[in-house]
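Protein chains in written order, with this note's numbering: chain A, 38 to 433; chain B, -1 to 291; chain C, 32 to 307.
Hint data in this document are derived by calculation from the structure and do not stem from the laboratory.
Watch out, some of these pointers could steer you wrong.
Short derived list, chain C residues pointing at chain B, Cβ under 8 Å [what the hints assert, rightly or not]:
{"id": "1", "residue": "108"}
{"id": "2", "residue": "109"}
{"id": "3", "residue": "112"}
Glycine residues also receive a C-beta, built at the ideal position from the N, C-alpha and C atoms.
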Amino acid sequence: MSDAPDTHGATAARYFIDESGLRALTAELLAAGTEVVAPVATDVCQSPSAIASSACLLPGVAPVDIDYKLLGDAAELDLSRGLPQLSLKQFFLPEHEALCRWHQRGIVTTIEEVPTSFAPRLVLAAKPCDAAALAVVDQVMNWDYQDELWNGRREATTVFNLACPVIDDSCFCTAVASAPDDTKGADGLLTPVEGGYLVEATTDKGRAFVEGHKARFTSVDGAPAAESRERQAADERAAARVRVAANLEIDPASVRDWIDTHFEDPLLATLAVRCNGCGACTSVCPTCHCFDIVDEEEGVGHGTRRRCWDTCQASTFTLHASGHNPRDDQHVRYRQRINHKYSIYPLKFGEVLCTGCGRCTRVCHAGQDIVEILAAIDVAARHPEPVDSGAEAVKP
Amino acid sequence: MNELREIAGKLLADGDVRVIIGWEHARRGARPVFITQPDEADKLIFDRRCVHNLATYLNPRRDQVSELGKIGLVIKGCDAKAVAGLLREAQMDRTDVVLIGVKCGGVLEENELPEALALTPDNVAPRCYGCDNREPTLVDFLVGESQPEPPRPIMTIDERVAALEGQPLEERWAFWTEQFSKCVRCYACRQVCPLCVCERCVVDKTQPQWIEASSHPRGNFSWNVTRAIHLAGRCVDCGECERFCPVGIPLTLVNRKLQHIVGERFGYKVSDDPESPAPIGDYRLDDQQEFIK
Amino acid sequence: MNIYHPQLAAVTEVTDETVDTRTLRLEFTDEAVREGFTFQAGQFGEYSVFGAGESTFCIASAPTRKGYIECSFKAVGKVTTALREVNIGDTVGFRGPYGNSFPVDDWKGKDVLFVAGGIGLAPVRCVIWNVLDRRDEFGDVTIVYGARSVGDLVYKRELEEWGSRSDVKIVTTVDPGGQTDDWKGEVGYVTPVVEATAPKADNAVAVLCGPPIVVKLTLPVLEKLGFADDAIFTTLENRMKCGLGKCGRCNIGSVYVCKDGPVFTAAQMKELPPEF
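Full structure from sequences and hints, please.
See the structure below:
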């Protein structure tokens, strides 16, 4: 069992670490000045409905608000396996980020560069769906032009996932080529087992990290106690995959092709009708990456040009200066979101722009349900109706 | 509920309305539904999970909805106040909509549940406490049984506002800085608010850029405070802004504080009577003017 | 330096083409950039006024002319209004060149027809100069250009220059009612004037740019004259921010105007979903 291939087909060296060891390792990193990003339970949230929509609702755990944060202390590390409100996106594509700074005095202008290399840091106990999203967005960030800011942060960061038990029935990672124990976009995986965590490093960067802190880990290759832990880990991960697969099964290729050939189909307009265009879904989404570029003056003759998160759901997203707006109603903007994620991005980069985390559904308090929408499109794709089906739809 | 379905079905069958906007049961609980056929009326429900303020769908900028034709809207008391607000501000005509009021006894704070629970101090939406409009008057029909008052929540919104007011300025500033620094500028609060109907919101204006777009604390303070002030005297306490906020900023506290101020200075409380003049758009000769020196 | 970091360019000439359209000539302040900058006809850039922001315009000068670039614009928004305030000697920012280009090399030996309306002449002008600077590589060159009135014609100096060349046929027109007493050109909308000019479509390509209505009405006329869909070229604009395919804004279906365009053939345009 200790030779069982990891999710990427290569044999991964396996280790064990218990919880106090994990916290001690974290403390060591923090003491050495390394940034550690991890889920932290916070009581800063004042709104019960926000807690309810995205927090850990696993049995036996009190509902709390969880966020990925830079740890100040190893004690803050939350290992409850709940879902952080916002994804890891903010650590690679910050909500607002300086692109350059200008200084103008008279006609003399200077532009200050911003750094594109960053101090090494670790993300610990990441959700596999959030890490997988990083690999998906890597594609557009390197489409001909290399985005040094994104790439610099990716290079500087080592990501270790914590295998997920599946949050609820709005998760659907397996329907979009990910899994609760995926290591795509990450450098390793922790799986909870009795007494602690089984640790696998799946990339050179992950292996280097473990090697660099070897004293904290116990190798389990060949150890007798290891076998039951291995089995426990494998069982837990397989069970999680089965649980989430029951939430949604689609054929992404058929969905992609149906969307591509049914641009004006009333199905999407009907499914979009309750959307308020609030953009909450895009802000919590790990793969949504649309941004705006703005100049912000900070004094006479100087300021910062920033990029900041934007949303295709905003009415002004595609508004021309002339007043013309190619997407001037909400259902058309909603269609764009579905198209971009499940058809345009796959056509361009071969990957769905979604890792099935389910945040968009949980945070949509108008009741838009991506599981329902994908299932409906999948049905339409696999069972094409005759042209004049007369199906009633809420058409514009 | 049968009464509601019958009325809705008949309105559609008679062609009095082209669409009924109400609530339906879905995978994650109750949610808005748009029905255009009489036989879909059976989808309509009303229970304590029906938190959504459906008046937001009356926004004149929503072409997809307005092009359907005359709307039949199912409303609770708070929702009726929002409709009154739109009428008061001439955003729509009374004849544009048929209003089906429901008698309400309060809603759940956390409504995305498979079944409606009985209300307790733990689970009731705090904004329901003290509601003065549980049987809306701005209606064409009023359905349902009279409901008892909602239970008092563990901490009412007024108590939370008072607790904040009791803190020294530095602590209040720190609290709101922390809350607003969470803001990701998704504008969910604005989009869902039934009274945020400006064709071009002040934050989207670029000449000049009144409010910075980036989500740093300075930009976020500008945005959240500006929005709150733009709603002073108009906010109906539906709580949707806070419910929709993906990062859990307690917006109802800001709105409630501004309501206190409007009440003190103008003697005004939002109602569902569209004829009652609101501070914005009306004046009285005895309005306070001690600030004019 | 990151891909969003702009180059600095000094404004060396300001020309008011019409009451509301201005052309700026820019020279990069960095000598190496100035000497080495190249682009293809049809490409665009992100021009910026620091403090106001960036705006997308095609590079309106010809790639065959080194040492400077030009842009033409109307003041309709925040950035273009700020661009109207800049004077000779001021510094602006530039990122580019981005996008695809007109496949001018493929047109060797062919006749080239240029049809433009209003400010649509700006992206076409760079191709016209590109072709004229390599004149003997091409067959007949015909230009049909129209605007609402005489005052709205852009690049008036160049219209005269092209008119004075014996190796170019140019027809200029203004809409009925837009003529002045001393107007010597045609009077009529661009579309019927193209039809009347009846350029040969055999072994020819057409470049068409203008307000959406001009493009929409002229395409069928070009087809009637015998131009194939893949021999008609136009340039689209859409709201852009990054200009290089990452901000997710300018796509029409799966076509990104900043990467797959802005130059498209009529055949490609017909494939686009109705969202532009």
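Hints, one by one, checked against the model:
Interface hint status for residue 108 of chain C: upheld, as the beta-carbon distance to the closest one in chain B is roughly 7 Å, under 8 Å. At about 4 Å, the closest approach between the beta carbon of residue 109 of chain C and any beta carbon in chain B falls short of 8 Å, and the interface hint on this residue holds. Interface hint status for residue 112 of chain C: upheld, as the beta-carbon distance to the closest one in chain B is roughly 7 Å, under 8 Å.
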